[in-house]
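Engineer: Each chain, letter by letter, is given below.
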Amino acid sequence: MKSRAALALAPSYETVEPDRDAYVQPLQLRPLTRETKRFWSFHSAPTTVALPGNRYAKSLKSFTSHTTEPEFRELLREYADHNVPRPSGYADVFHEKYTSPRVTWSINATLAPAMAGGWQESLRSGKHFGTYRRYDMRSAYLWAATLGLPDTRTYQRSLSPWKNGNRDGVYRVKLLRVSPNAPFPFNSALECLASNIEIETYNLAVAEVIDGVTWKNSIDTRSLMEAITAVSTWKQAGRSYWGRWAQMTRVMCHSEKKKWSLPNITLNIPWAHMIVSRVKMRLWENASNALHVFVDSVITPDILKTGSELGDWRLEKTYKTGVVIRGPGQYGDVDSDVLEKMAGTAYDSPLRRNTA
Amino acid sequence: MAEERKKRVVIVNEDEPKAGNYAYKFYDNTHPIRCDAEEIARMRKSLRGLRGEEVTMVFKGQHIDSKNNKKRFTVRRTFTLNSYSDAFGPGSAYASAIHYIRDKHSDDQLNVMNFSIEEADSGDEDSEYDEE
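Here the protein sequences come in this chain order: A and B.
Using my numbering, the first residue of the first sequence is number 39, and each one after it goes up by one.
Using my numbering, the first residue of the second sequence is number 522, and each one after it goes up by one.
Among the clues, some could well be false.
The list that follows gives simulated cross-link-like pairs (lysine-lysine, BS3-like), each with its CA atoms no further than 25 Å apart [claimed, not checked]:
1. A:K201 - A:K212
2. A:K254 - B:K566
3. B:K592 - A:K212
If you're looking for bench data, these hints aren't it; they were derived computationally from the structure.
Note that the structure is a prediction, hence the values are computed from the model and not measured.
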């Protein structure tokens, strides 16, 4: 492929300069779209803008762990060594090195609308006195992949989760009733995706199977793990690598006269569901007395076995006097005046006052 | 086609005949190059002894739209069976049948339940009807 001239020069950082590509903040990117009128967007926010002279401006939004120019330039140097000179996110090197299998549209079509994300729930709100501990699963999503992923070559349609003796599967099911003791979405939704293992473990009351896909065996994920751990940012890549397998939203291409969408060719709902469901199940197994769960972390009075391997629990904090839970992702030490965690709210904001 | 071999019916998904299989998954499995060895052997067996004869393949399946409405379809293709690739793979009778349905109902889920191999065309036409 013919190399672009702009690739020979390092991109500018938070400014747009002649002859170079640029990495700018999201708010700087929007005015550029009005100037050039040729850009790509995702969830209505521009991600890349084509500049005159075969140059591109990209958003810095995804690089949350590299917020200064020297850090970001070092990251670009490292990614360039892996043939990704202009990354859009931390998972780009993984997708360059690992080709996700292509799955036919029909397999995803009826499963995708019922796909659910991680379990974030305040199980018991309010002030709780006593000793509580907050544990975090080490690289939870990465651990989930180490258990193997379905062999897409053996995908087959199925409507009988109870019949496929040696085949595992994921099904879109209608439930007779919600299961209050099961994790999200089974504790709140009547129509959801469930693997045969989840149906059995959570004792789900299945009323109807709308669609399902089964597979004969799992593939070895060593090459996938190698592609993720090839870079120093493997922890960040480990959080986002599976996102494309679940991404239903299309990338929009805009030009002066028209706009069109690009389908996600790596959509693979069974893979995405297996990754998320394994993390949820691990969390659920240790959440019987929990006050709060948040994707891969749990606040519980129980003492969990910790370790240093992928998927092991890590003790993040012990609340000696007690803990206050205001809502999902909103919690803190009962002795503190402000909530320790409240997503999207500044630490000194009055909203964080511990008044629950 | 000899009288004793008048009609052969092949179930696409033997584990769950009523569920069938995804039409394009079955296309991949029966593809002469990218095939699934077990599946291709089963299909070759179903075609055995018919080389050089004019046959009609009748594909039966179902498409499901985004609102979960199910519609069954029957598509017939008549051709002279000279090789496996006349029935399956690119440009085959099966490919022509599923492309025909796909073009009518893009973005729908397409499943195929079974197909039969019959004496060359009896005159019936393709059909579609709501599932009961």
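Engineer: Quickly compare the C-alpha distance for K254 (chain A) and K566 (chain B) to 25 Å and report which way the hint goes.
Structural biologist: The hint holds at about 23 Å.
Engineer: Regarding the pair K592 (chain B) and K212 (chain A), is the alpha-carbon distance no greater than 25 Å?
Structural biologist: 20 Å, holds
Engineer: Is the Cα-Cα distance between K201 (chain A) and K212 (chain A) 25 Å or less?
Structural biologist: 17 Å, holds
Comparing the model with each earlier hint shows no violations; every hint is respected.
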